[in-house]
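Line by line, the protein sequences are chains A and B.
Per the UniProt record's numbering, residue 1 is the first one in the first sequence, and the count goes up by one each step.
Per the UniProt record's numbering, residue 1 is the first one in the second sequence, and the count goes up by one each step.
Calculated from the structure, these hints are not laboratory results.
Certain hints may be false.
What the hints assert, rightly or not - With a cut-off of at most 25 Å between alpha-carbon atoms, the simulated PhoX-like pairs for lysine-lysine come out as follows: (1) Lys-447(A) to Lys-550(A); (2) Lys-432(A) to Lys-447(A); (3) Lys-262(B) to Lys-160(A); (4) Lys-447(A) to Lys-85(A); (5) Lys-58(B) to Lys-113(B); (6) Lys-504(B) to Lys-550(A); (7) Lys-432(A) to Lys-85(A); (8) Lys-58(B) to Lys-121(B); (9) Lys-454(A) to Lys-509(B).
What follows is each chain in one-letter form.
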Amino acid sequence: MRKLNLRPNGWTWLLTLSLSVLLGACTQPAVQAPQGPAQPPELASRENVTYVQGQVVVAYQGEEALQEAIRRLGAKEMARIPELKAALLQVPGDALKASQALKGLPGLRYAEPNFAMVQAPKDDPVERLGGGLASLGNPADQIFDELPQYALDPRHLDAKGAWDRGFMGEGVTVAIIDDPADVTHPDLAANWAGKAYNPVTGTTYTSAQDWLNFIQGLGAPSNISHGTFVASTVSAPRDGRGIAGLAPKTAFLPVAIFQPNYVGDFYVARGVVWAVNQGAQVLNNSWGGLGYGNLVKEAFDYALANGVVVVASAGNSYKDEIRTPAGYPGIIASAAADGNRNKTDFSTYGRHISSAAPGLDVLLANPTWLGGGYGLISGTSFSGPYTAAAAALVKSACPAATPYQVRRALETTTWERSFTREKGWGHLNARKLADLLAQGCSALPQKGSVVQVKVEYQNERGTFPGLFADVILRGQGLRPGDPTDSTPMYWARTDASGEAWFYEITPGTYEIYVAGADLALTGGRPEERGTFVGTLVASPGSSAGQPDYKLVRLLATEVNLNPTDPYEPNDVLAQAKPITYGQTTQVAYIFGQPQDRDFFTFTGSAGDQIRARVHARSSLGGTLDSYLYLLDGSGTVLAENDDMVSGQITDSEIVYTLPANGTYYLVVTSYTIAQGGQDNSPFNKYRLELQRVSP
Amino acid sequence: MRDLFFPLLMGLVLLLAACSGPRNDLSSDFTLSLDSTTPTLVAQQGGSKTLQLTITPKNGFTGEVGLSLEGAPEGISLSPTSVRVTGTVPVTQTLTIAVGSSVEARNYPITLKGTAGSIIKSVNFTLEVLPTGSHNLSGIILSEGAGAPVQGATLRLYFQGTLIHTATSNAEGRFALDRLPEGVYRLEVQKPGMAGSVLEGIRVPDMPSVTVIQRPAFDQSATTTPPTLIITQNGTASLEGQTFTDTIPFRVQVDTSKDYVKPMRFIYVALGRTPGSAFLSQTTTSSRRLFANTEDTGNQTLTGSQVAGLGDTDGERVYLEVVAYDFNNNRSHYILPVTFLNTASTQNNTVSAPTQVAATAITLTQAVGFYDIKTPFTLTVPLGKGRVGDMPLAAPEGSNLYVEVRWCYTATAVPFAFDIERSTDGQNWVRVGTVGGNRSASCPTSTFDRPFFFRDASPDLTPGQTYFYRVVARGANRAESASSSTTPLPSFSAPLQAPADEIKNVSKKPDFVIGHPQLSLGADGAAYNIVLWDTLTGDNVAWQTLGGGLIFVELGTGNEGNGIPQGESLVYGFPGNNLVVYTDTAGLLDPSRPNRVPVNVTQGNVTLPYNFDGYASLAELQALRTYAWQLYVSYAYKYNLSENRIAAYSVQTWPSSTSFIRLSRPGTQVFEFTTGE
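The shape of chain A in the complex, shown without the other chains (with noise of 0.2 Å):
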């Protein structure tokens, strides 16, 4: 058992975590034993991190490092992204541990398992149904074409003060990256974009009746629904039956990402990139988790590169706090509102935020498989559609604007027009919009940046790329904790080449803080890590191809891809290297095979209570959750060990009495070893410690 690389993204997570830690705190020891296998796609979690088993995400740079890693791992290309320069790999063994020993490959930008901790929409109890509907009474300015929107009525988004004049959104694409949204209800088929995407299998489909066969193949029809509401939100025609979206001339374009269960990180990117390769112009995401994701990052920065407004849904955390993708740079997130336009108690909310719109009992279409109809359903999922179909009569209106005019577009025609952290820029309002739009496409506000910071590692040795840096942009004059200020604050990390992107940014003067490399992936000391501190001004109208250049050289120990083991070879018994009471060993590397095993050995005594503790990833940093064995002279195991303190601390410890005089042998090795998996990491690093206890 092992806490490693915890990666707190999805909302079932929290929960899970929340329980197994507070059992922690009772009298039940917090065992648990690893997952057997899930429903397809077949997810590993053990470790806190969720991700697809088997699969690994390579960004590689050239075709050939592409091959040495699939040479290295003895794995099967599955799937490739070449907008993205990323191939998903199917590995044998553990997909963390696989990725792991990939890093440092030259050629390599990252690789990573194919993240899968986004938690699907039918595990989110904010987005449950609410209201089954007959005929309404209520006030007329609600309805638009059968049923009441309070919505988009005079007092919430005012959609006819848009469409009144002719603002509807008409060719304009939005790509609903979801679960499959439902193509053939009465009030979406019509403004079906003709195409939807299964990014697991790379199948486009064109036929309403194949989309459908396909989602019914997924065998959990009550599970997806979610995808046939968003759509809704932006696309329902107006044609006085049901529902209207607020953009109801758009044309909507499924991607399937819950199938119902999150496909992974890597086959969202493969659906963004998609929807981009498509002509969408505007992406919507009504999903979103804790934690960075470089692939993904790099999907939407692809997005943004190619002029297509991204939106996304805050989260319902409840919380002042970023959750990605609306936290990443260039994102337009949306925050939920309520009926009388205040934020809803659910809605995650910030200094990222960038307006508010309906999102508690919003009245939506069901897909037909349930039934059809109509239901009530909250959420920012759903305020963050409505959010894009606001864009959508952006570029619908004004084809060239950028993904940053778009978003101040919105901002900037807001009920409020002032910036909080709850509702950022304020409630959206389309009549004011369609004033703005109104003036012509010259009356749109100014463009955003594009900056790209260059990262690198200066020593004694040279000049080396600067993978895994934080890269900081802190707007001039923030004012910390200000529930007012709107001073933008940014978050990139560098790829294995060095680069960090940011699109689609507020022009202005920042404050940049650049450090490197990641210790807690290096298990590198605190001094190894290089820091800058500088200003950059970003210029209005710099663009992915002339960006905001800044190259940051940083004092820093480079990361060693292929450090040395002072010990080895000490693989098998007859090779163990000595070690004794007192001693603690060099900093050593569970690494250069894949299923390395570090043999020492010492002479005890009878009576002799030893103590061998492995310092690992829990105390050294680094990537090792370590295991220990302690054999006798004739290598039969007398004791093992996975973690110190299940799940929480991850390094192995032998308390152990000596049944005799003689040779003994202590074997380190990694967990996932011990478990016949394999692990070589040049982050695995450990030392070991042995204490006689007593006498």
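Given the coordinates of chain A, work out where chain B should sit on it, guided by the hints.
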């Protein structure tokens, strides 16, 4: 509104006529009108009532108009008795009609006469004289359970269909009306920004105190008229006042011809002996019906656990309660008496007293799951010194303060019912609830595992007040348990103090400081867990105190409290299930008097140095990196020394962001900070 509107309209019409009409040389004149076309004035014996009279001059009439009442019995008086008209505009005068206490209670047709010289005009109205009673009706308006009173709500009390009282709720949401005659009342509550609420079927004097829930309006611009319900046995047969045996048939329909906001959210139906609390909570031996998204429940029944412990073999008067919410959160609450015969044979059993009764008060920062009870979550809490266990957090809907009463019943003879009784002095007991009787051979040590329970969410529960609870088993006899006491805590909030939100240049080994308002709360300690996320550029937890375990902080409350001398402090946890004392300024558990987690008694805060417990993933935080910290768990607790357990919890935050349970999430602070170089 109508009171003001009508004379204004009249005035306008008449003015228009004066401007455009022919200038005939007619003699001067005037007309009389009242503020309603067929006015009925309701007043109680010994009371008075006002009405608006408008005198409209015509053709230049001016002068004094004398007023008098005709048809009024002795004891009814009018004031003033004259009104002066000086100009051409209508004059509106408020008249007061006083009713003597000896006036017979009935309807009187009355003519109000206006006399000016030879001009005599009159207008008719009806005076309804109501009997004066000696009864009181008080109550409280709450938006969500205890602690959320609705102040300044307008109340209208109807008796036999007529409005007899208006009142306004005070700062505590309370109101009190007196001199009411016996009868059945309807109470309507309105307040701008809030949904409407109506309580129909209040029995005076049987129900001297009522609770009215009034939710914030979903959309303040929508109607606040609560839905009108039609409650029958099957759509036609009357239900109210009928007699039923073992099963009660019912059907609830919304009158769709009346104003309300569609769709309906919920309709609750329950049987209770305690008016006003019946539908709130399900327990192991009691339940209620719930219908979502419908305007018609169809033909249904209450039976089994829905009626367990209620009624008797002779037929007992019990109340059926129906509560309905529409889309705008408008609420209708109907109370209907029925006679209920219960033939359960357990009524013949000779029963024993319930055992191991334990009452525990739980306070939440915000009411939870208003419409929807979720699967109970559990929170690991200390149950007493050195003991921990799981506490179910299943608050009754709309409640942020409730008392969970748990007990055992291991005797062989199954009781018919358990009555839960409450007292503030241990002497005088009031029944707060009844659930079905049952037995269970199991009687766990852990309070919250005991098989039978009741959740008292009465809105009058007050923090700081000690309550005694006992459980009475009923069969052929009554058997009272020993009592258990609890003192609810006020709402708890430990603010994050340092590192402050969004600051930079923070030390790589920062001290994490949180406020610790234990003493001001009257608590004996608080439990915390702090988590430090490394998620802005990473995907890790950088540190979670005690690897997720709780850290207990107790400021001395003396021998009557936690046993720690005042001014001293104790901080401890159970890493790896072993007790570790981090701070013990009095040397109670550790003579070396450690102070690794300092508690500042005067400032009321606690300082947790980074990695004081050794659970951080790095010995120091990384330079120039952004982290986010929050209280993952935070609650205060209070010991009950005589029962050797903790009897009150006040929960600030709860380690689940998934739940629609509104438990504390809105108040959870998350502070980001960036380390220095």
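Compare the structure with the hints numbered earlier in the document and write down the numbers of the violated ones, lowest to highest. Violated hints (numbers, rising): 4, 7, 9; every other hint is consistent with the structure.
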